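Here's the letter readout for the chains.
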Amino acid sequence: MRLSPKLTQTLAFGLCWLAAAIAIAALVFIIGYVFLKGIGAFSWEFVSTDRTGGITGDTGGIRSSIIGTGWIVALTLGFACPLGIGAGIYMAEYARDNWLTAAIRWVIETLAGIPSILFGMFGFALFVMALSMGFSIIAGALTLACLVLPTIIRTTEEAVKAVPRSYREAAYSLGSTKWQMIRHVVLAGAMPGIVTAVILALGRAVEETACLYVTMGGSAMHMPESPTDPAATLSLDLLARAMEFNDIEAAFGAGVMLIITIIIINSSTRWISSRWMARMHGL
Amino acid sequence: MNGKIMAQNINFYYEGVQALKDISLNINPNEITALIGPSGCGKSTFLRCLNRMNDTILKTRLEGKVLLDDADIYDPKVDVVELRKKVGMVFQQPNPFPKSIFENVAFGPRRQGINNHSQLCEIVEKSLKAAALWDEVKDNLKKSGLSISGGQQQRLCIARVLAVEPEIILMDEPCSALDPIATLKIEELMHDLKNQYTIVIVTHNMQQAARVSDRTGFFLMGELVEFGITDRLFSRPKDKRTEDYVTGRFG
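Protein chains in written order, with the numbering used here: chain Z, 1 to 283; chain A, 1 to 251.
No lab work stands behind these hints: they were computed from the structure.
These numbers come from a predicted model, not from an experiment.
A few of these clues could be false.
[To be verified] Here are some chain Z residues the structure puts well away from chain A; computed CB gaps all over 10 angstroms: (1) Gly40; (2) Val107; (3) Tyr167.
[As the list claims (entries may be wrong)] Taking lysine-lysine pairs in the DSSO-like style, the calculated list, with each CA pair at most 30 angstroms apart, reads: (4) A:Lys21 with A:Lys77; (5) A:Lys240 with A:Lys21; (6) A:Lys194 with A:Lys65; (7) Z:Lys178 with A:Lys126; (8) Z:Lys161 with A:Lys86; (9) A:Lys77 with Z:Lys178; (10) Z:Lys161 with Z:Lys178; (11) A:Lys77 with A:Lys126; (12) A:Lys86 with A:Lys59; (13) Z:Lys161 with A:Lys142; (14) A:Lys65 with A:Lys126; (15) A:Lys185 with A:Lys143; (16) Z:Lys178 with A:Lys86; (17) A:Lys86 with A:Lys21; (18) A:Lys21 with A:Lys126; (19) Z:Lys178 with A:Lys143; (20) A:Lys126 with A:Lys142; (21) A:Lys86 with A:Lys185; (22) A:Lys21 with A:Lys65; (23) A:Lys65 with A:Lys86; (24) A:Lys65 with Z:Lys178; (25) A:Lys142 with Z:Lys178; (26) A:Lys143 with Z:Lys161; (27) A:Lys129 with A:Lys143; (28) A:Lys238 with Z:Lys178; (29) A:Lys185 with Z:Lys161; (30) A:Lys138 with A:Lys194; (31) A:Lys21 with A:Lys185; (32) A:Lys59 with A:Lys77; (33) A:Lys185 with A:Lys65; (34) A:Lys142 with A:Lys185; (35) A:Lys59 with A:Lys21; (36) A:Lys77 with A:Lys65.
[As the list claims (entries may be wrong)] So, partial list: chain A residues that the calculated Cβ filter (under 7 angstroms) puts toward chain Z: (37) Tyr74; (38) Val81; (39) Lys85; (40) Met89.
A virtual CB, placed ideally from N, CA and C, is assigned to each residue, including glycine.
Chain A extracted, bound-state conformation:
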């Protein structure tokens, strides 16, 4: 089976410092792929290559190809705005805009020119329901997106991504700022979402990777050390370094 996303021989540099070394990785559709590894190993950098978010950082350079549905997203002809509509992103710190809950979710659709109120209402309700937040905020849609709890804010950010109707959702340590209960809610949500979306999650929490993902990649110092089915990678790692990491000997 061809991957939804196929990264081929990615090298990535920040001001000449190499952050990713020859990474090749296939991400299957309707699966959750987890990227684990210690801080600074390049897992977030790799994730941000998949929606070209690193383009917004000055003095960076990428070599290699990232194929999305067999087309290179780094081809000069690619419209990066269109790409990011297909590949949504949830960040480490919940970052709702200082706007109302409604306007946060409506942000993406509005930028695409949808201004019809009843249509927006429909999108907002659908997205908040899909993000398992609707029941908690349905009476307070006009309240600030910053007035709800951190866990709710992160689900709001997920709803905001869903409203754009992406095919892929990238999550960059989405639970690192959340308590265990809020984390559990996000994990359950991810499980529900994978029927419809392809999800890539970066996490430094190995238990989380083991709980939610189908496949896991282990990054170390800019290299992809090992990639495979999650159960296998955690129970029978092939590489000594993977074994040391997943058994908690370092990191």
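So that you can see chain Z by itself, here it is in the shape it has in the complex:
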């Protein structure tokens, strides 16, 4: 028996709708659950005080973890963005197409799929131990930078390659050097893709737990004063409260803060980049 095209179309549409509905419902459920569980712990006091030892059963606030997250995000992006974007541009514009670049590309793609705890062990061996940085924000940020580099490089490379040839030729025909062409035409065109790469890296820096656990220390609770101090991020904080101190409500409270942070970061980056694009396009 053959279904009529019209019926097939209705069925296909229905199935796609159902898939979307289930996916969205699952997301809403997770976020709703975290908020419901964590909102009880959430108060001004919770975000404005530092974590305590938890001997009394109360694990204190999350201020030091918020600051720790800020440090990690800023330093990771500070290390990874210039390197990753620069390398991506190099791979797309300057590197010749030969077995060596093919091999490099293959390595980068493989690295992007390696579990973060392996990066963590590498960071522990190199930064924490061999370079004597100890459990510290700087060791964590360097490790995390290694983790997000492959994504930034590949995304930048793809974005740069996607800029139409016609723009490049126009720039050349107006007497631009190759660098001027890249700087003023290619980068402008590739910017949405590069911003996406940075947002992905940013999200990774906020959420990453495993590789920081072994490079920043799992139970730091003091307010970090410099990048050489150990510190907790919100994710590490959540893990410690849930697994070590069994303070589940506070753990979910930190989770709420984590979700809020990601929402704020994502929407503000998108807003800034869309404003910027609009200016680029002279709209």
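On the provided structure of chain Z, position chain A as indicated by the hints.
Just chain A now, with coordinates in the frame of chain Z:
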């Protein structure tokens, strides 16, 4: 008279496939030279040899000389950036940058280090006027170069080239994406520009070649079959293949 551009025995290869066969051609100053021929005949490839745009395509090779004011542009000592300032190019698809109209025209001057706003304004106005676009866009210079019509975009691209003050303008089928009225405007513009510039235009439209050009070259399968005064080439072609093409028997 010596040509402004003299191509001498040009052979050109894409990955070993020969696209141009022993082309020699003189282009006179302040004339419009049209290159015609069916698709794939090598006319665009030849045009792109004149500002070394083919350098940007991998695995290509050129033999022969292209003399611009008697100096070989393929000499290793030639600065290709300087060359392209002298030899501007307009492409088949209008390709304004995703920037404002003002910034599109100011692009070339800015790359040469001109950043003084009043100086840029002057250049932009002069170039847009020369490209017969000023009256249509003067109140909207901050609008995107992509927001205007295709014909206006192509004149914007011409203005962008003029802002660099070239001596030669290469046009690669500049009207193929445009409607007849926009095409007519570009043709009128070319006529105005030839007093100051040397123009080489590639077109698959024979009527256009006949209307605008002083001299015409007919390309076929990588060869320059015939080259001469446009009126003569269309009315009394010397080669049988030219005659077949211009009378519409093929192509």
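Right, here's what the structure says about each hint:
Taking the minimum C-beta to C-beta distance to chain A, about 50 angstroms, the non-interface status of Gly40 of chain Z holds against the 10 angstroms cut. Consistency note on Val107 of chain Z: stated as away from chain A, and its beta-carbon is indeed over 10 angstroms from all of that chain's, at 24 angstroms minimum. With a minimum CB-CB distance of about 6 angstroms to chain A, Tyr167 of chain Z fails to clear the 10 angstroms threshold, and the non-interface call is violated. At roughly 26 angstroms between alpha-carbon atoms, Lys21 of chain A and Lys77 of chain A fall within 30 angstroms of each other, so this suggested pair holds.
Between Lys240 of chain A and Lys21 of chain A the alpha-carbon distance is near 19 angstroms, which keeps this suggested pair within the 30 angstroms criterion. The suggested pairing of Lys194 of chain A with Lys65 of chain A holds, with an alpha-carbon distance near 25 angstroms, which does not exceed 30 angstroms. This hinted pair checks out: Lys178 of chain Z and Lys126 of chain A have alpha carbons roughly 27 angstroms apart, not beyond 30 angstroms. Using a Cα cut-off of 30 angstroms, the hinted pair Lys161 of chain Z and Lys86 of chain A holds, with the two alpha carbons roughly 28 angstroms apart.
Distance restraint check for Lys77 of chain A and Lys178 of chain Z: the Cα-Cα separation of roughly 17 angstroms lies within the 30 angstroms cut-off, and the hinted pair is therefore satisfied. About 15 angstroms separates the Cα atoms of Lys161 of chain Z and Lys178 of chain Z, which keeps this hinted pair within 30 angstroms; it holds. Taking the CA atoms of Lys77 of chain A and Lys126 of chain A, the gap is about 33 angstroms. The hint is violated against a cut of 30 angstroms. In summary, the hint linking Lys86 of chain A to Lys59 of chain A is supported, as the alpha carbons are separated by about 25 angstroms, within the 30 angstroms threshold.
A hinted pair counts as satisfied when its Cα atoms are at most 30 angstroms apart, and Lys161 of chain Z with Lys142 of chain A qualifies at roughly 28 angstroms. Using a Cα cut-off of 30 angstroms, the hinted pair Lys65 of chain A and Lys126 of chain A is violated, with the two alpha carbons roughly 35 angstroms apart. In summary, the hint linking Lys185 of chain A to Lys143 of chain A is supported, as the alpha carbons are separated by about 22 angstroms, within the 30 angstroms threshold. Straight-line distance between C-alpha atoms of Lys178 of chain Z and Lys86 of chain A comes to about 17 angstroms, which keeps the hinted pair within the 30 angstroms bound.
Between Lys86 of chain A and Lys21 of chain A the CA atoms are separated by roughly 26 angstroms; this keeps the pair inside 30 angstroms, and the hint holds. The suggested pairing of Lys21 of chain A with Lys126 of chain A is violated, with an alpha-carbon distance near 41 angstroms, which exceeds 30 angstroms. Pair hint Lys178 of chain Z plus Lys143 of chain A holds up; C-alpha atoms about 27 angstroms apart against a cutoff of 30 angstroms. Taking the CA atoms of Lys126 of chain A and Lys142 of chain A, the gap is near 17 angstroms; set against the 30 angstroms cutoff, the hint holds.
Between Lys86 of chain A and Lys185 of chain A the CA atoms are separated by roughly 24 angstroms; this keeps the pair inside 30 angstroms, and the hint holds. For the proposed pair Lys21 of chain A and Lys65 of chain A, the alpha carbon gap of about 13 angstroms is at most 30 angstroms, so the pair holds. In summary, the hint linking Lys65 of chain A to Lys86 of chain A is supported, as the alpha carbons are separated by about 17 angstroms, within the 30 angstroms threshold. Our distance criterion of 30 angstroms between C-alpha atoms is met by Lys65 of chain A and Lys178 of chain Z, whose separation comes to about 24 angstroms.
For a cut-off of 30 angstroms, the pair hint linking Lys142 of chain A to Lys178 of chain Z stands: about 27 angstroms separates their Cα positions. About 27 angstroms separates the Cα atoms of Lys143 of chain A and Lys161 of chain Z, which keeps this hinted pair within 30 angstroms; it holds. Proximity of Lys129 of chain A to Lys143 of chain A is assessed by CA-CA distance (about 17 angstroms); at most 30 angstroms being required, the pair is judged to hold. The suggested pairing of Lys238 of chain A with Lys178 of chain Z is violated, with an alpha-carbon distance near 44 angstroms, which exceeds 30 angstroms.
Proximity of Lys185 of chain A to Lys161 of chain Z is assessed by CA-CA distance (about 35 angstroms); at most 30 angstroms being required, the pair is judged violated. With a C-alpha separation of about 24 angstroms, the suggested pair Lys138 of chain A and Lys194 of chain A falls inside the 30 angstroms cut-off, and the hint holds. This hinted pair does not check out: Lys21 of chain A and Lys185 of chain A have alpha carbons roughly 35 angstroms apart, beyond 30 angstroms. This hinted pair checks out: Lys59 of chain A and Lys77 of chain A have alpha carbons roughly 21 angstroms apart, not beyond 30 angstroms.
Proposed proximity of Lys185 of chain A and Lys65 of chain A is contradicted: the alpha carbons are some 35 angstroms apart, above 30 angstroms. Using a Cα cut-off of 30 angstroms, the hinted pair Lys142 of chain A and Lys185 of chain A holds, with the two alpha carbons roughly 23 angstroms apart. Only pairs whose Cα atoms come within 30 angstroms are accepted, and Lys59 of chain A paired with Lys21 of chain A is accepted, the gap being roughly 17 angstroms. Annotation: proposed proximity of Lys77 of chain A to Lys65 of chain A holds, straight-line Cα distance about 14 angstroms (limit 30 angstroms).
For the restraint placing Tyr74 of chain A at the interface with chain Z, the shortest Cβ-Cβ distance is roughly 16 angstroms, beyond the 7 angstroms limit, so the hint is violated. Hint status for Val81 of chain A relative to chain Z: holds, with the closest Cβ pair at about 5 angstroms, below 7 angstroms. A hinted interface residue such as Lys85 of chain A counts as satisfied when its beta carbon comes closer than 7 angstroms to some beta carbon of chain Z; here the least separation is about 4 angstroms, so the hint holds. At about 4 angstroms, the closest approach between the beta carbon of Met89 of chain A and any beta carbon in chain Z falls short of 7 angstroms, and the interface hint on this residue holds.
Taken one by one, the earlier hints fail for this structure at numbers 3, 11, 14, 18, 28, 29, 31, 33 and 37, listed in ascending order.
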